[in-house]
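Trainee: Turn these sequences into a full structure, and let the hints guide you.
Residue numbers (the numbering used here), protein chains in the order written: chain V, 1 to 287; chain E, 1 to 254.
None of these hints come from the bench; they were simulated from the model. Note that the Cβ used here is the ideal one computed from N, Cα and C, for glycine as well. Fair warning: there could be bad hints in the mix.
[Unchecked claim] Listed next, with one range per pair, are the computed distances between beta-carbon atoms:
1) Leu146/E <-> Trp76/V: 42 to 52 angstroms
2) Val60/V <-> Pro105/E: 25 to 35 angstroms
3) Thr156/E <-> Leu103/V: 46 to 56 angstroms
4) Arg259/V <-> Gln36/E: 57 to 67 angstroms
5) Ala237/E <-> Leu117/V: 23 to 33 angstroms
6) Leu67/V <-> Gln36/E: 23 to 33 angstroms
7) Pro105/E <-> Leu87/V: 16 to 26 angstroms
8) Ile80/V <-> Glu127/E: 20 to 30 angstroms
9) Phe37/E <-> Gln10/V: 19 to 29 angstroms
10) Arg259/V <-> Ser45/E: 51 to 61 angstroms
11) Glu127/E <-> Leu37/V: 46 to 56 angstroms
12) Val60/V <-> Ala34/E: 32 to 42 angstroms
13) Leu81/E <-> Ile80/V: 50 to 60 angstroms
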Amino acid sequence: MVEHFVTPPQWEWYIVWYFFLGGIAGGVYALGAILRLLGDDRDAPVARLAFLLSLPVLAVCPILLTLDLGRPLRFWHMMIDSRTFGLNFKYWSPMSVGVWVLLIFSVFAFVSFLEALASLRGSRAPFLAGGLGRVFVIVGAVFGLFLAGYTGILLSVSNQPIWSDTWALGALFLASGLSVAAATLSLVTRLGRHEQSAEAKLTRADRYFTILELVLLVVFFLSLGAVGSRFLAPRWMALWVVVLIGTLVPLALHFSTERRVPAMFAAVLTLVGGLALRIVVVFGAQM
Amino acid sequence: MARTVGFFTDTTLCIGCKACEVACKEWNQLPGHAPQFGDGYDNTSQLDEQNWRHVQFHERTTAKGGVAWNMMSDVCKHCALASCMEVCPTNAIIRTEFDTVYIQPSVCNGCRDCIAACPYHVIGFDEASGLARKCTFCYDRLQANLTPACAKACPTESIKFGDLDTMREVAGARLNQLRGQGMSEARLYGDKEYGGLHALFLLTDKPEIYGLPPTESAVLPSRNNVRGYLGTLVTAALGVAGAVFAFRERGGKE
Ligand code: SF4
Chain V
1 MVEHFVTPPQ
11 WEWYIVWYFF
21 LGGIAGGVYA
31 LGAILRLLGD
41 DRDAPVARLA
51 FLLSLPVLAV
61 CPILLTLDLG
71 RPLRFWHMMI
81 DSRTFGLNFK
91 YWSPMSVGVW
101 VLLIFSVFAF
111 VSFLEALASL
121 RGSRAPFLAG
131 GLGRVFVIVG
141 AVFGLFLAGY
151 TGILLSVSNQ
161 PIWSDTWALG
171 ALFLASGLSV
181 AAATLSLVTR
191 LGRHEQSAEA
201 KLTRADRYFT
211 ILELVLLVVF
221 FLSLGAVGSR
231 FLAPRWMALW
241 VVVLIGTLVP
251 LALHFSTERR
261 VPAMFAAVLT
271 LVGGLALRIV
281 VVFGAQM
Chain E
1 MARTVGFFTD
11 TTLCIGCKAC
21 EVACKEWNQL
31 PGHAPQFGDG
41 YDNTSQLDEQ
51 NWRHVQFHER
61 TTAKGGVAWN
71 MMSDVCKHCA
81 LASCMEVCPT
91 NAIIRTEFDT
101 VYIQPSVCNG
111 CRDCIAACPY
121 HVIGFDEASG
131 LARKCTFCYD
141 RLQANLTPAC
151 AKACPTESIK
161 FGDLDTMREV
171 AGARLNQLRG
181 QGMSEARLYG
191 DKEYGGLHAL
201 FLLTDKPEIY
211 GLPPTESAVL
221 PSRNNVRGYL
231 GTLVTAALGV
241 AGAVFAFRER
251 GGKE
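Mentor: Dropping the structure here:
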């Protein structure tokens, strides 16, 4: 196992919330895209809802990231070299890649949001109809999935113990991001009056995501080996329990009932668990 | 005048006077933190945004049962393959004409990615300026053809400064001398790690004792890119497959 002596970067609540909301924004968009491409007419409102949700959640992300900087007014240095005014892009630095992905994904989220708004008013925007529209949401979904997952890679591409001792963080964050996104969608869907069939589809999808997340949690700890014992301190254990409750209980509920209230409860637990996962991973490695 | 400079810190000559720490703070106008007193004579505790040199004090029990101090003046290693520079998204961290690693204060935006990357816990975040800060190798003094403040002040020449090649030779000769005197525990650190450090150390104990990663641990953050992305890609494929499968099933419970 690699042995390093690293000062924690003091990435705290802004980053935790960014990881959480980035996962929702990207995941929700991807789910909306899949629903639109594969769903029937009854799914259309939920797909639209996904695009309506993605942009506002995404909009918070750059604000959080900028506030986290020591020099917020220099946020543009991430994209433009302030010396040469050329573009800054380092494919081997996930922070650099992430900034661009965030920017490009915003364009997709914005256009899809506008289109969803338009369709809410009864008109289907011509630029997203047909094959081109399908390609558009597929490409947008790829960027969305990237956004939901790269945050784990960002942590791993460092020398910080725990973060850099595993390759599974990106995968874990993505699985959790998808699960949290499905929970968000199903929660908002159930708050309104939508088709039951779409709700059931979201619930089924969330089952798979949660199982994937649980498998990756095991992989994560296996890949950490002895280093993982740092997480076993009582205060972190408490958060891991929340993570487990946020996965196992919703899973059990998903398998046992399709009634509205338990389903909403499951969604809330999933959200809390997803947040707890990011809190424990971000803070746990730095303390 | 471009040249490749280096430090050679010979810990067997360090007397723990901290002249290097003081000279560094004087020259670089670093106010420092309030002293922290632990159970030793170290009141600076670590390298960070205020402490660009840090004299470590390690007590150890000798073979005869007495107590000996291992002291080492720690500093940024100005790695040839620098982890901090690798991840820096703004290109604030550059390699200078002296082959040193320098954080440009006018470019850094305080994202702190470099802090999580440096395996030698060198960089600190300066709340006052909002910047990541560390040893500059006295960039301004080098430009004026002056010796860095720490090396200039060191009364025992524990800290030596010169061209990196010369430093390597001096370090090698000193190692042979000490080994010849029967000091079998003497060893060099920094000629192999991270493409060759620009701060070499002569140690009398394992590197880990001094907070230096062992040679086999001297790996860069980017080592995790490919496997990180691959794992995420596989997960994305599984996730999408799961969603496709779930969305295709007919509504309601089967
Ligand atoms: S010791 Fe740390 S701060 Fe100095 S060059 Fe190497 S990685 Fe960068």
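Trainee: Does each hint hold? Answer for all of them.
Mentor: Hint-by-hint comparison with the structure:
no.: 1; hint: Leu146/E <-> Trp76/V: 42 to 52 angstroms; result: violated (36 angstroms)
no.: 2; hint: Val60/V <-> Pro105/E: 25 to 35 angstroms; result: holds (30 angstroms)
no.: 3; hint: Thr156/E <-> Leu103/V: 46 to 56 angstroms; result: holds (54 angstroms)
no.: 4; hint: Arg259/V <-> Gln36/E: 57 to 67 angstroms; result: holds (58 angstroms)
no.: 5; hint: Ala237/E <-> Leu117/V: 23 to 33 angstroms; result: holds (31 angstroms)
no.: 6; hint: Leu67/V <-> Gln36/E: 23 to 33 angstroms; result: holds (30 angstroms)
no.: 7; hint: Pro105/E <-> Leu87/V: 16 to 26 angstroms; result: holds (22 angstroms)
no.: 8; hint: Ile80/V <-> Glu127/E: 20 to 30 angstroms; result: holds (26 angstroms)
no.: 9; hint: Phe37/E <-> Gln10/V: 19 to 29 angstroms; result: holds (24 angstroms)
no.: 10; hint: Arg259/V <-> Ser45/E: 51 to 61 angstroms; result: holds (58 angstroms)
no.: 11; hint: Glu127/E <-> Leu37/V: 46 to 56 angstroms; result: holds (49 angstroms)
no.: 12; hint: Val60/V <-> Ala34/E: 32 to 42 angstroms; result: holds (38 angstroms)
no.: 13; hint: Leu81/E <-> Ile80/V: 50 to 60 angstroms; result: violated (26 angstroms)
In terms of the numbered hints stated before, the structure departs from hints 1 and 13, listed from lowest to highest.
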